[in-house]
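Those protein sequences? They're chains A, B and C, same order as listed.
Numbered according to this note's numbering, the first sequence spans residues 934 to 1397.
Numbered according to this note's numbering, the second sequence spans residues 934 to 1397.
Numbered according to this note's numbering, the third sequence spans residues 934 to 1397.
A few of these clues could be false.
The list makes no distinction among identical chains, and a pair is therefore deemed to hold if it is satisfied within one copy or across any two copies.
Computed cross-link-like contacts, DMTMM-like style, restricted to lysine to aspartate or glutamate with a CA-CA straight-line distance of at most 20 Å [as the list claims (entries may be wrong)]:
1. Lys-1118 / Asp-965
2. Lys-1193 / Asp-965
3. Lys-1222 / Asp-1153
4. Lys-1118 / Asp-1194
5. Lys-1222 / Asp-1271
Hints were generated in silico from the structure; no laboratory data involved.
As the structure is a prediction and not an experimental result, all values here were calculated from the model.
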Amino acid sequence: MKRSRKLTFLLAVLVALACPLLARAADPTAADVQTHLDYVWTLVAAALVFFMQAGFACVEAGFTRAKNAVNIMMKNLMDFAVGSIAFWAIGFGLMFGASASGWIGTSGFFLSDFTPGGDPWVLAFWMFQVVFAATAATIVSGAMAERTKFTAYLVYSFFISAFIYPLMGGWAWGGLYHGGGWLEKLGFIDFAGSTVVHSVGGWAALAGAIVLGPRIGKYDSKGRPRAIPGHNLPLAALGVFILWLGWFGFNPGSTTAGNKDIAMIFVNTNLAAAAGVISALMAIWTIAKKPDLAMALNGGLAGLVAITAPCNNVTPASAVVIGLFAGVLVVCSVLIIDRIGVDDPVGAVSVHAVNGVWGTLAAAIFNIEGFTLHQLGVQALGCATAFVWTFSTAYVLFRIIKATMGLRVTAEEEIEGLDIGEHGEEAYPDFTTVSDHGVSSIFGPKAAKEALRHHGAIEPEPSR
Amino acid sequence: MKRSRKLTFLLAVLVALACPLLARAADPTAADVQTHLDYVWTLVAAALVFFMQAGFACVEAGFTRAKNAVNIMMKNLMDFAVGSIAFWAIGFGLMFGASASGWIGTSGFFLSDFTPGGDPWVLAFWMFQVVFAATAATIVSGAMAERTKFTAYLVYSFFISAFIYPLMGGWAWGGLYHGGGWLEKLGFIDFAGSTVVHSVGGWAALAGAIVLGPRIGKYDSKGRPRAIPGHNLPLAALGVFILWLGWFGFNPGSTTAGNKDIAMIFVNTNLAAAAGVISALMAIWTIAKKPDLAMALNGGLAGLVAITAPCNNVTPASAVVIGLFAGVLVVCSVLIIDRIGVDDPVGAVSVHAVNGVWGTLAAAIFNIEGFTLHQLGVQALGCATAFVWTFSTAYVLFRIIKATMGLRVTAEEEIEGLDIGEHGEEAYPDFTTVSDHGVSSIFGPKAAKEALRHHGAIEPEPSR
Amino acid sequence: MKRSRKLTFLLAVLVALACPLLARAADPTAADVQTHLDYVWTLVAAALVFFMQAGFACVEAGFTRAKNAVNIMMKNLMDFAVGSIAFWAIGFGLMFGASASGWIGTSGFFLSDFTPGGDPWVLAFWMFQVVFAATAATIVSGAMAERTKFTAYLVYSFFISAFIYPLMGGWAWGGLYHGGGWLEKLGFIDFAGSTVVHSVGGWAALAGAIVLGPRIGKYDSKGRPRAIPGHNLPLAALGVFILWLGWFGFNPGSTTAGNKDIAMIFVNTNLAAAAGVISALMAIWTIAKKPDLAMALNGGLAGLVAITAPCNNVTPASAVVIGLFAGVLVVCSVLIIDRIGVDDPVGAVSVHAVNGVWGTLAAAIFNIEGFTLHQLGVQALGCATAFVWTFSTAYVLFRIIKATMGLRVTAEEEIEGLDIGEHGEEAYPDFTTVSDHGVSSIFGPKAAKEALRHHGAIEPEPSR
């Protein structure tokens, strides 16, 4: 009798346990479907982040001169192509491979961690990571626009995607696979990469702009900066809209999971960008007496860069404050960098490096779980690490390129435009263009050519 | 014994009940995953709707003159930035806050309904709503293009996003949060906003165009309209493709749920747009003897606006009919509005207001559940409400702006282009442009300037 | 007693069985949610593929002359609009309707397989298929650019979307609905359409280019090809970025299911494209001594076309190899086709037909499940079928159009540009353009006009 009762009970338990198992035989479980949703979300987000490549290309081309537009589209195409292959072969392994030390990964090169039939999550994750690596790489292009040798740019592209970015990335994010980078073990907060992606891109951009020197005509004989207007502002504005769209993949996609967390990240991302536009507009309107489109656009990007680190741990109201400050910061930074003799045609250093730092600090300052000095210190350490590592390696890399293959085109080619000199193509052959702003408008075309004949007259690369 | 049996039974029941609970501890339930899917879908759709801002910017810039392109991109950037902040601070609360009357919401300002750790659905919902509010705002820009003061536009942007749109929206859609707007309680059908978004934008556009008066050179001395050709039709066409894409978020995203309903909405949206392109092309080809690109593009937009209200309650075949009619309607409306002296450079009133009405009525006419006169009456009431509310408030707003800060730039600035006058920038400094169509082509540049010197000759703002 | 125990047991079993049923009453099951996810993924992918229309439009317009840009945007708009309606009315039924023979479907016209309240999956599936049909149609546009009558293009658009594409598609893919096309029954692998979509488009493009003959000025008096540069390379580059983005819907969306398979497809798609860019650049750099942007862009597209068939059955490393080969192939093919007297302004035949064949063969060569000669034979048969069917039907269609309504504009119109002649609009009226490359640059504008007066001098359509 007792036995019989026990049996009854056991059978009931077995049936109870079996019912989800029976369901599993025919149908997916809820956990399976959640996994599938994570794939779909992460990969849709990756597609949006990929599209940022188009945004960067449009912004950079729009903010520079018509005579270099082919070169600029080419660079933006190539850094993604070269970066994809480099990150597949080398970068991903260094960033997320197994690592005992937390300093460098040593497995997973060529996606060797994946075998057909195995868990394809590593592929979804790689796809999301490769578009991040490419973002870091492409930022540099803008600061080096209109004077960099194409071959030199290809070499640089390879190195940042294969080495410079992955190492920094592994320190802050590598724990997802390799057991923990040293920075994340200290509690460093950089949810979607204000430091890891944007500061890294921005500091490399600074190194490149310094080693290159300013464009011919950017500074007058007394060293005062001159504006060299971009040739297609509607294209630049379209680029910013595309980037804003892409950021809705960049930030919320960094959950790599389709869950409720993405809602606040969307809202914060949008509010910070909107606030950045408004405050940058107000700042430049106050300073220059005109509401300048280029600055308003950069204000939006500054807000987006700044909210990237703290998008998941601050309130929407804080996001507005972060964006407002970012917009002012980018305007001041652009004006200062211009004045100290660094020629950054699109403001890449101000948008990505300066606001990358601001956003990373803001993740501690506006932390939803409360501000602590310790956290702020960790954030500052992360920022400093990114600066020291990236600036120094990029500076050395550009110096080596300069000393060997050459980093900059000739003055003749720069004045004629890189499209003809580097690529043998014109961007707009059917249009009548005035492509020598910045030179002939100071010196007159004749004087410019003459000056080039007797070199020293124009110093294409000021010694620093 | 009896007790023992009871215990056995109770244990079995507990185990049975526990099995999903146990699963829940480790895994999400199917309902959880569905909720996550709703978040992902709603937010991806919001991202697509956001991208419509780029589409509107490209269409408006492409359909107008090169000398105003910076101003146009600027307006489209700013109405989204200002609109986002205004809708966050004020508009969302008025539209969806708690409301006893069904006339106005009174909570949720600054997203105060959300507290960290609370249900973040309000954030996902806000994100989807803010891009709708911005769509209504940006529609107006096109009708007021090439002659509106930038500061005046900023003021208008704030008011439509903070007050005009949210009140109308709350009447038709507020029930989602505030217990029911009065229109939806009557059974008003406007699934994705032919009336709430597009007519509101379109009627405000009409008010703006009337208060502003036509562009200099739009009408000859006898009051006959002249075509002022857009400066970049490929850009406008790209804009329409972007808008079409965005509508795949706008309409099916309005489910705010990832379910089977979105399939028919996608199909209806696409078929109505395609039909609108074809019928508008046929109409203009018949009338003007040439297959005009601008009209075909507007035909597509007209079809999209018209299917917005009924996208979820008509069959695909009905969607084709709705689109065909929309395409013809937009062509006739553009020609008529042009002739009665209202200068709407991009056809915003015809596309959004006129076809917003048509689509809203079509939701009753082609209702999958059968046509009733009562429903048609409710639809007409909704359309009339949107017209009366929006046109009158927008008209008063523009009148006040005109009487105080001024709504229109000076004639000199208008002829030179707003890019220089308002922003101190040129859109295309590297290109040789002919930027005074519409004036010098009638009067010759010299006569135009002379005419301006002795004012009365050109009447920049006809009294109405 | 015994009865009581049995009852206890039965009740426990019932409760156990009921718990998921009870849950089902209130909540969706995991299988329901998976279905919803499949809808969301398939439709988001369809939206991305739709956006490829914008990409094709930008690429084609950018690679051709300013004087034809309106015509090109118009064609790309119309082939989608006409194609949508044609595929709804006719094509979908022929491709996926019920079929006893496996040769042609005979039901589902006008989406008649769907009744309101029925399973809407057919709508989701139609939406994904219509954007594929439109892709095949739009490919042809590029090869026929700058000389085709607009009315002729409309007729062709209807026929490819209604008949030519659907029949080939049904043979390879129809099994999803109609019980199996004959090619898929043989085991033909074409996961996302290297053959079904791209080769079909490419072979029709070849037929069109041959029947039309080359553009005036494309070949000199000795038959040597001349480069006719595209008028807006940044637009073309933006188009390629848009296409690359769209391919993240095209290939992984072809699962029509949100599951883990999409990860490898994303990765393969991206790696093949990146590899194609790099190898095409290297090839053209070697041959022409300059890193040509147009070729690098076409290299990326070639990689994307080639990975389309095998995206789901090769490893990432194979995808790199497939892309590398595609990039070289497209460069060689463009140069050869140019030399044999076929004027394909954008390289559509090389990108879509030649690499469509390559990708289809690669699906056998790099098959993850092992190479077999039999599979390679089936793949070759599929490629040959697509060529024979498409080229012959398209050739006959274009010949009939030529003999009846006329396929090509007059020489005068071609030299002036199709925008004025066909549409009465200019693409860029505010800009000073030089729109007669390819004629006046050989003959001088005066000589060109004279030559036209005495016809025979310029042979607008070489006899073949």
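Evaluation of the provided hints:
1. Taking the shortest Cα distances, Lys-1118 and Asp-965 never come within 20 Å of each other, neither inside one copy (31 Å) nor across copies (31 Å).
2. Taking CA atoms no more than 20 Å apart as the test, Lys-1193 paired with Asp-965 passes in both settings, with 18 Å inside one copy and 10 Å between copies.
3. Proximity of Lys-1222 to Asp-1153 under the C-alpha cut-off of 20 Å is found in neither arrangement, the shortest distances being 23 Å within a copy and 36 Å between copies.
4. Proximity of Lys-1118 and Asp-1194 under a CA criterion of 20 Å is satisfied in neither setting, with 23 Å inside one chain copy and 33 Å between copies.
5. For a Cα distance limit of 20 Å, the shortest separation of Lys-1222 from Asp-1271 inside one copy, 18 Å, qualifies, whereas the shortest one across copies, 37 Å, does not.
Hint compliance for this structure: hints 1, 3, 4 are not met, and every other hint is.
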